[in-house]
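Could you put the whole structure together from the sequences, leaning on the hints where they help?
Which chain is which? The protein sequence lines are A and B, in order.
Residue numbering for the first sequence follows my numbering, starting at 1 and increasing by one per position.
Residue numbering for the second sequence follows my numbering, starting at 1 and increasing by one per position.
Treat the hints loosely; a few may be bogus.
[As the list claims (entries may be wrong)] Selected chain A positions facing chain B (in silico; Cβ < 10 Å): (1) ASN47; (2) LEU52; (3) PRO72; (4) LYS73; (5) TYR84; (6) ALA85; (7) PHE98; (8) ASP158; (9) GLY323.
[Unchecked claim] Distance condition first, Cα-Cα at most 25 Å in a straight line; then the derived DSS-like pairs of lysine-lysine: (10) A:LYS20 - B:LYS137; (11) A:LYS73 - A:LYS94; (12) B:LYS256 - A:LYS73; (13) B:LYS256 - B:LYS88; (14) B:LYS103 - B:LYS88; (15) A:LYS73 - A:LYS107.
Rather than coming from a laboratory, the hints here were simulated on the basis of the structure.
Beta carbons: idealized from backbone N, C-alpha and C, even for Gly.
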Amino acid sequence: MSSVSINDLSLSFGNVEVLKSLNLDVAEGEFLVLLGPSGCGKSTLLNCIAGLLDVSAGQIFINGKNVTWEEPKDRGIGMVFQSYALYPQMTVEKNLSFGLRVARLPKDEIRKRIDRAAEILQIQELLKRKPAALSGGQRQRVAIGRALVRDVDVFLFDEPLSNLDAKLRTDLRVELKRLHQRLGNTMIYVTHDQIEALTLADRIAIMKDGLIQQLDSPKTIYNRPDNRFVAGFIGSPGMNFIQGSLAFIDDSWFFQSRDLSVSLATYPFTQQPIEGAPVEFGLRPEHVLIGQNVADLPVQLNLDIELVEPMGADTVAWSQLSGTSFTLRVDSDTALSSGQRILAGFDPVRASVFLSDSGIRL
Amino acid sequence: MKDVKKRSLPVNSASTSSIDFTGPNGPKPKRVFSTRNIVVYGFLILAAMYYLLPLYVMVVTSLKGMPEIRMGNIFSPPMEITFEPWVKAWDSACTGLYCEGLKVGFWNSVQILIPSTVISIVIASVNGYALSFWRFKGSEIFFTILLFGAFIPYQVLIYPLVIILRETGLFSSLAGVTLVHVIFGMPILTLLFRNYFASVPVELFKAARVDGAGFWRIFGQIMLPMSLPIFIVAIIIQITGIWNDFLFGVIYAGTKNFPMTVQLNNIVNSTQGVKEYNVNMAATLLTAALPLFVYFVSGKLFVRGIAAGAVKG
Ligand SMILES: Nc1ncnc2c1ncn2[C@@H]1O[C@H](COP(=O)(O)OP(=O)(O)OP(=O)(O)O)[C@@H](O)[C@H]1O
Ligand SMILES: [Mg+2]
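Now the structure itself:
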């Protein structure tokens with residue numbers, strides 16, 4: 001059974017249509033990440049699910065119940081905000097219990113739930129403090145606790161970690177993943193941090209202009225992006241795109257550009273290719289290999305290294321190919337310097353070919 | 001590899017020993033009698049004297065007897081301090097027909113002040129809260145109209161209000177003048193509260209809604225406790241504004257209910273007998289006492305409240 005299900009949802013602010021007939025099904029216990037550029041409507045979608053915005057059209061189901069017209073509190077959701085949104089004059093304990101007190105739960109039940117949440121989130125020592133006396137990470141923990149105590153089916157997170165520094169973000173990311181494993185709730189998580197998305201998600205929904213571009217597992221999104229936008233959006237450094245066209249020679253398809261001719265005999269086409277169609281050939285920097293492995297690869301090419309960026313774990317090298325910049329990602333032990341000419345190679349099976357005009361994957 | 005050697009740093013000890021450690025060290029000394037200080041403080045002292053001198057004259061005059069005043073040295077301190085003028089101003093000075101002093105006006109003013117302040121602030125704070133968080137259809141238009149209201153010269157409304165109050169039987173009553181104060185305080189107070197609540201992060205409101213709180217609970221338990229500064233600002237604005245009001249009091253309150261300011265005017269401008277400057281000064285000081293007291297007590301809070309944004313969650 002799906003836990004959250006969104007049916008042809010539209011939302012407009014005045015005459016700006018932010019969400020356009022959006023459909024989404026989230027399975028029970030799934031960790032779904034909404035990822036997309038700023039302003040694409042992620043927060044808006046989350047607010048619609050939470051009931052904080054009235055939808056213009058469409059329906060929202062949570063646990064099989066139509067909640068389109070329900071109040072936020074009756075939807076069985078808990079929400080965590082980027083700015084924590086803790087009630088500033090209440091202690092942590094009062095912050096956690098506010099919703100429960102509103103719902104007039106018995107005292108001992110409230111006590112029990114707070115203790116459990118405090119134990120899970122390791123905030124027992126903070127219960128008597130006010131939010132102003134907490135660090136960012138502690139505040140966000142309390143904010144998560146506030147959703148936790150309400151014993152809801154669905155957690156909604158709106159960029160909960162983006163106000164934290166890099167180190168803390170990594171720590172809390174792992175904690176969130178643990179939390180999800182322990183609780184098994186459905187979680188919908190908005191971010192524009194790809195690493196967060198790739199590490200946390202069971203499935204990622206890539207959004208653009210109020211539409212979901214692709215909804216798939218992180219692995220599929222990364223390796224087999226459905227369109228040019230998704231391919232370019234995910235990955236850092238980004239995918240290499242080489243402009244060219246398709247040719248049909250000797251019973252097999254080829255990608256051809258100025259410096260490159262690649263046989264697509266092994267490429268898993270998802271659509272019937274068209275001869276002569278202008279396409280973009282996409283290749284992830286880490287799928288370009290150098291060194292002794294190159295000999296076995298179907299495609300080999302010479303590259304002039306222009307710039308080397310050591311990134312710690314690995315090194316990104318910049319070069320040129322068919323008139324566009326071309327990056328490759330190699331092990332940090334590899335000795336590379338600018339001006340050097342190297343032999344590189346790749347396997348077209350790992351590439352992605354997109355139609356230039358529509359951006360659709362072939 | 002060659003590159004690395006060329007870029008290696010100079011040897012440490014050689015470079016540190018060449019530094020001269022005498023010379024400026026620690027905080028920069030400040031000169032007390034710099035030209036800048038003399039100009040700034042000189043101007044401030046002059047400005048303060050300009051404003052304080054009248055107050056000083058009033059205080060000393062109110063403590064003198066009439067014979068001493070007739071000698072004409074308005075700046076000299078009283079030779080013989082007397083509180084007679086203060087007692088007379090409060091208790092028995094003549095305001096037109098009655099000779100009961102300012103005390104009647106004082107109690108009238110209190111009876112006008114308290115309900116006007118409380119009612120206007122309660123309504124305006126709820127208005128401001130609703131306008132910031134519970135956008136309803138037409139709330140923008142409503143707000144624009146309110147804003148416009150803040151800039152209408154109120155002389156325009158005086159006569160229509162007289163008619164309305166007369167028709168509703170509220171003319172010449174404390175309730176009537178209270179109502180007028182509430183109405184005229186509304187635009188500016190609502191604006192004040194709306195702008196304050198607009199600076200409260202909207203996530204706070206959303207979180208409270210997810211927690212199940214409704215309109216009044218969010219107002220009472222989340223918003224009110226964090227808006228003390230702006231309430232203090234509103235209270236100060238209303239207290240000083242309403243207490244100092246003369247026009248509405250003289251028009252709408254009716255002879256029996258004249259506020260203190262109107263009675264002060266009647267004492268000072270009464271034409272019978274000699275002008276008792278000391279009584280007039282004492283009466284003026286008595287009337288001004290409350291706003292003065294409010295400023296002294298809460299001036300700092302006022303500035304803090306005006307400057308404060310919402311507390312960060
Ligand atoms: N209250 C509003 N009134 C009018 N337009 C709005 C309102 N809220 C959001 N929008 C518009 O809706 C679009 C989507 O906003 P939304 O906040 O959902 O973006 P987002 O994907 O969450 O972006 P970010 O990653 O920056 O948080 C934006 O173009 C924004 O300008
Ligand atoms: Mg957002």
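Verification of the supplied hints:
no., hint, in the structure
1, ASN47, "7 Å, holds"
2, LEU52, "5 Å, holds"
3, PRO72, "5 Å, holds"
4, LYS73, "3 Å, holds"
5, TYR84, "6 Å, holds"
6, ALA85, "4 Å, holds"
7, PHE98, "5 Å, holds"
8, ASP158, "8 Å, holds"
9, GLY323, "31 Å, violated"
10, A:LYS20 - B:LYS137, "23 Å, holds"
11, A:LYS73 - A:LYS94, "18 Å, holds"
12, B:LYS256 - A:LYS73, "55 Å, violated"
13, B:LYS256 - B:LYS88, "20 Å, holds"
14, B:LYS103 - B:LYS88, "10 Å, holds"
15, A:LYS73 - A:LYS107, "20 Å, holds"
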